[in-house]
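Chain by chain, the residues run as shown.
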Amino acid sequence: MDFFHVLVVLLESTIRVSVPLVFAALAGLFTERAGVFDIGLEGKMLGAAFAAGAAAAVTQSVWIGLIAAILISVLLSLVHGYASITQRGNQIVSGVAINFIVAGSTVILGEAWFRQGGRTPALAEGARFQIVNFPGADAIREVPILGPIYADLLSGHFLLTYLAFAMVPISWWILYRTRFGLRLRAVGENPGAVDTAGISVIWLRYRAVICCGILCGFAGAYLSLAMTAGFVKGMTAGKGYIALAALIFAKWRPKNVMLACLLFGFLDALAIRLQGTPLPLVGQVPVQLMQALPYILTVILLAGFIGKAIPPKAGGVPYVKER
Amino acid sequence: MDNIAIELRGIDKSFGPVHANKNINLKVRKGTIHGIIGENGAGKSTLMSILYGFYQADSGEIIVDGQPVSIRDPNAAISAGIGMVHQHFMLVENFTVLENVMLGAEDSQILNKGIAKARQELKRLEKEYALEVNPDALIEELPVGLQQRVEILKALYRKADILILDEPTGVLTPAEADHLFRILEQLKAQGKTIILITHKLREIMAITDEVSVMRRGEMVATRTTGETSVEELAELMVGRRVLLRVQKGEGTPGDVKLSVQGLTVKDSRGVTMVDDVSFDVRAGEIVGIAGVAGNGQSELLEAIAGIRKATSGTVLLNGESVDVTGHRDPAALRARGLAHVPEDRHHVGLVLKFEESENAILGYHNDPRYLNGVFLDIDAIRKDAEEKIAKYDIRPPNARLKTANFSGGNQQKIVLAREMERGPDVLIIGQPTRGVDVGAIEFIHKRIIEMRDQGKAVLLVSVELDEIRALSDRILVMFAGRVVGERSPDATEGELGLLMAGVEGRKEAAE
Chain F
87 MDFFHVLVVL LESTIRVSVP LVFAALAGLF TERAGVFDIG LEGKMLGAAF
137 AAGAAAAVTQ SVWIGLIAAI LISVLLSLVH GYASITQRGN QIVSGVAINF
187 IVAGSTVILG EAWFRQGGRT PALAEGARFQ IVNFPGADAI REVPILGPIY
237 ADLLSGHFLL TYLAFAMVPI SWWILYRTRF GLRLRAVGEN PGAVDTAGIS
287 VIWLRYRAVI CCGILCGFAG AYLSLAMTAG FVKGMTAGKG YIALAALIFA
337 KWRPKNVMLA CLLFGFLDAL AIRLQGTPLP LVGQVPVQLM QALPYILTVI
387 LLAGFIGKAI PPKAGGVPYV KER
Chain U
104 MDNIAIELRG IDKSFGPVHA NKNINLKVRK GTIHGIIGEN GAGKSTLMSI
154 LYGFYQADSG EIIVDGQPVS IRDPNAAISA GIGMVHQHFM LVENFTVLEN
204 VMLGAEDSQI LNKGIAKARQ ELKRLEKEYA LEVNPDALIE ELPVGLQQRV
254 EILKALYRKA DILILDEPTG VLTPAEADHL FRILEQLKAQ GKTIILITHK
304 LREIMAITDE VSVMRRGEMV ATRTTGETSV EELAELMVGR RVLLRVQKGE
354 GTPGDVKLSV QGLTVKDSRG VTMVDDVSFD VRAGEIVGIA GVAGNGQSEL
404 LEAIAGIRKA TSGTVLLNGE SVDVTGHRDP AALRARGLAH VPEDRHHVGL
454 VLKFEESENA ILGYHNDPRY LNGVFLDIDA IRKDAEEKIA KYDIRPPNAR
504 LKTANFSGGN QQKIVLAREM ERGPDVLIIG QPTRGVDVGA IEFIHKRIIE
554 MRDQGKAVLL VSVELDEIRA LSDRILVMFA GRVVGERSPD ATEGELGLLM
604 AGVEGRKEAA E
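So the sequence lines, in the order shown, correspond to chains F and U.
Under my numbering, read the first sequence as residues 87 to 409, first letter to last.
Under my numbering, read the second sequence as residues 104 to 614, first letter to last.
Everything labelled a hint here was simulated from the structure, so no lab data went into it.
Predicted model, so just to flag it, every value in this text is computed and none were measured.
Treat the hints with care, since some could be wrong.
To be verified - In silico BS3-like cross-links for lysine-lysine, where the CA-CA straight-line distance does not exceed 27 Å: (1) F:LYS407 - U:LYS125; (2) F:LYS399 - U:LYS456; (3) F:LYS394 - U:LYS216; (4) U:LYS216 - U:LYS230; (5) U:LYS130 - U:LYS303; (6) F:LYS407 - U:LYS456; (7) F:LYS407 - U:LYS230; (8) U:LYS369 - F:LYS399; (9) U:LYS291 - U:LYS262; (10) U:LYS230 - F:LYS341.
Claimed, not checked - Covered, in the sense of this in silico footprint (three residues per stretch, anywhere, with C-beta under 8 Å from a C-beta of chain F), are these stretches of chain U: (11) 194-200; (12) 205-213; (13) 313-322.
Said to hold, decoys possible - Listed below are several chain F residues computed to face chain U (Cβ distance under 8 Å; list not exhaustive): (14) ARG263; (15) THR264; (16) LEU268; (17) ARG269; (18) ALA272; (19) ASN276; (20) GLY278; (21) ALA283; (22) GLY284; (23) ILE285; (24) ALA357; (25) ARG359.
Note that the Cβ used here is the ideal one computed from N, Cα and C, for glycine as well.
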């Protein structure tokens with residue numbers, strides 16, 4: 087029973103830490119499937135988290151916070167889009183630039199506006215997301231096995247958590263069952279085919295980039311409005327890169343993206359759980375090693391266990407009409 | 104007047120200082136196959152891109168079915184009833200045939216209904232034009248001939264009445280090309296108008312009703328195909344008389360210079376690309392290897408040149424063995440008298456960003472002639488380059504120009520000059536005239552025969568059957584990695600074509 091209890095707690099925190107990964111990885115899925123590589127997920131998420139924290143602190147409204155997060159994230163996406171689609175710049179450079187700009191400017195602006203060392207003020211209850219409790223959750227918590235699963239695993243999360251997991255089948259449906267999705271996948275493989283079919287490659291890629299911005303906005307808002315009560319500098323802590331790793335690991339497929347994010351989330355939850363606890367046989371495991379696990383795992387798995395991850399063929403290459 | 108499907112009036116287009124199309128006038132009659140022929144860079148593709156809305160003409164008019172139209176983008180071209188089959192297929196390789204055909208013409212936001220409609224329409228087109236293809240097959244799993252068929256279906260699905268085909272036979276086997284021509288005849292019979300862009304005179308003669316010739320951005324002539332000749336068209340294309348088939352005397356084969364025994368090469372996936380191939384090349388003979396691209400010729404050439412590892416087999420160069428399965432050392436092979444003109448000059452033969460003189464010594468840069476102590480002797484290198492430029496008529500004659508700025512034919516001459524002027528014993532050449540103009544082809548062919556007459560052993564790989572037949576003293580045909588037959592250059596094209604398609608070869612092997 088004790089083991090079961092630990093497991094439920096572990097899975098519950100897995101879900102909690104996976105949410106920003108799922109949003110961000112799906113965000114990356116949209117742009118990368120359209121042929122625009124985006125290493126700037128991290129920066130967009132951080133910018134969104136800051137915008138959400140700042141706007142919610144000022145207006146005391148969680149919804150205005152969310153909208154601010156999405157707006158800033160979309161704006162940053164458009165900057166990336168302008169650099170890499172319109173100006174045909176290097177997509178990696180543009181993404182890295184966004185990460186740096188956001189990392190610095192959120193601290194500067196935060197300090198200038200709120201004078202709390204780069205934080206935004208702690209948010210009151212109305213200015214952040216509240217936990218959604220399913221009906222009867224407390225009543226059946228005591229039921230063995232099913233009780234904790236219903237009350238702690240399924241119930242008791244934020245609205246954004248449910249949205250994140252709902253976005254997985256929605257993204258799949260958009261990519262594989264709509265005209266927009268067909269064209270988006272086509273433009274990531276062979277933009278020439280899209281262009282000759284009379285569809286604007288540029289506009290299509292911009293739309294993909296905007297989708298990415300919206301999803302990163304949710305990820306950032308989750309960090310500062312739900313997971314914690316306010317923005318802390320550098321609070322994304324590499325989640326954008328883990329999301330990218332999950333995306334590659336998942337071979338750019340929605341369902342796999344979710345599974346990869348949950349796996350990485352689980353490792354993260356485990357790392358937190360094991361902090362300071364000596365393991366049998368190996369003794370104390372440095373927490374840094376646990377934090378590095380997702381990356382090590384990606385390298386190992388990509389190197390031999392899951393086969394080759396083939397990225398969208400036109401990924402990273404700006405479209406130039408042949409002369 | 105009303106039997107003109109499409110008319111161009113005074114089309115003019117410049118890209119910066121390059122005047123790609125000069126005051127082009129063209130009339131294409133409805134229900135005919137109209138050929139457009141010209142050398143590389145003559146402006147054919149630019150003209151067709153204007154017609155398909157890829158580029159805007161600087162001035163001029165396009166008239167479709169008697170109506171002036173403005174074609175600002177491919178959409179406008181599609182709605183004017185113009186469809187295009189591109190030289191490099193515009194297909195999404197990991198999509199199905201159906202998805203590719205639908206793309207851009209899906210009808211509704213949600214795919215389901217569109218898919219059903221497309222499937223039905225595809226079936227109808229299949230019946231009407233005998234264009235069979237499995238709608239659920241992935242493009243990457245289809246042979247190129249079928250991929251091209253998908254491109255044609257895409258155009259027909261969009262109700263194209265005028266079909267433009269840009270160099271459609273470049274990637275096809277002779278049999279596939281014949282099949283394509285039958286499809287085009289069929290389309291013509293159904294009232295479609297077809298514009299065929301090519302640089303192959305034979306195709307023009309075989310299938311077109313009328314032919315227009317372009318040269319240096321100008322439309323120089325339009326002829327009724329039945330009233331012109333290959334010689335006349337070639338002369339119009341180049342602007343001077345050209346020999347389409349170089350003269351060559353009997354060869355006088357001497358000692359075996361290159362001997363390949365049981366050579367087997369696997370690619371990185373472990374697929375056998377060259378399968379137990381054996382042959383000899385003697386001094387003073389040209390051995391041609393014919394085959395459809397992708398049947399192992401490239402790998403064979405690379406293994407002999409020492410840039411790809413063979414799995415097993417032996418190669419003797421001047422009677423001495425070459426380590427083809429272990430440590431590879433192309434530089435040592437060069438020193439032992441092997442020269443290699445690679446198939447892909449852009450990726451293997453040249454560094455396009457280097458200046459001409461640097462490319463002219465690439466791979467021979469450790470030769471003391473080009474060195475001054477440990478430094479390169481730039482003056483000597485430029486002087487050497489200028490001699491080669493003069494001898495090979497490389498234009499523009501500027502050793503300091505960036506190699507990327509030379510035309511395909513002149514780039515090829517840079518590679519040939521570098522490899523031939525070394526006086527090698529064995530010369531192996533891949534695709535000597537790919538992307539090279541008629542005029543330059545004549546020159547290159549002459550040089551290759553000269554090499555033979557000087558007693559060099561020449562191994563020639565080409566996907567151009569005409570070229571193989573014109574140059575070779577013996578022809579080996581490769582199919583699926585094996586040599587499936589040896590023929591004399593007098594063998595008919597049909598006979599060689601069957602071998603290349605693997606039809607005859609299997610029988611022969613079985614016997």
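Violated hints - listed by number, lowest first: 3, 7, 10, 13, 24, 25
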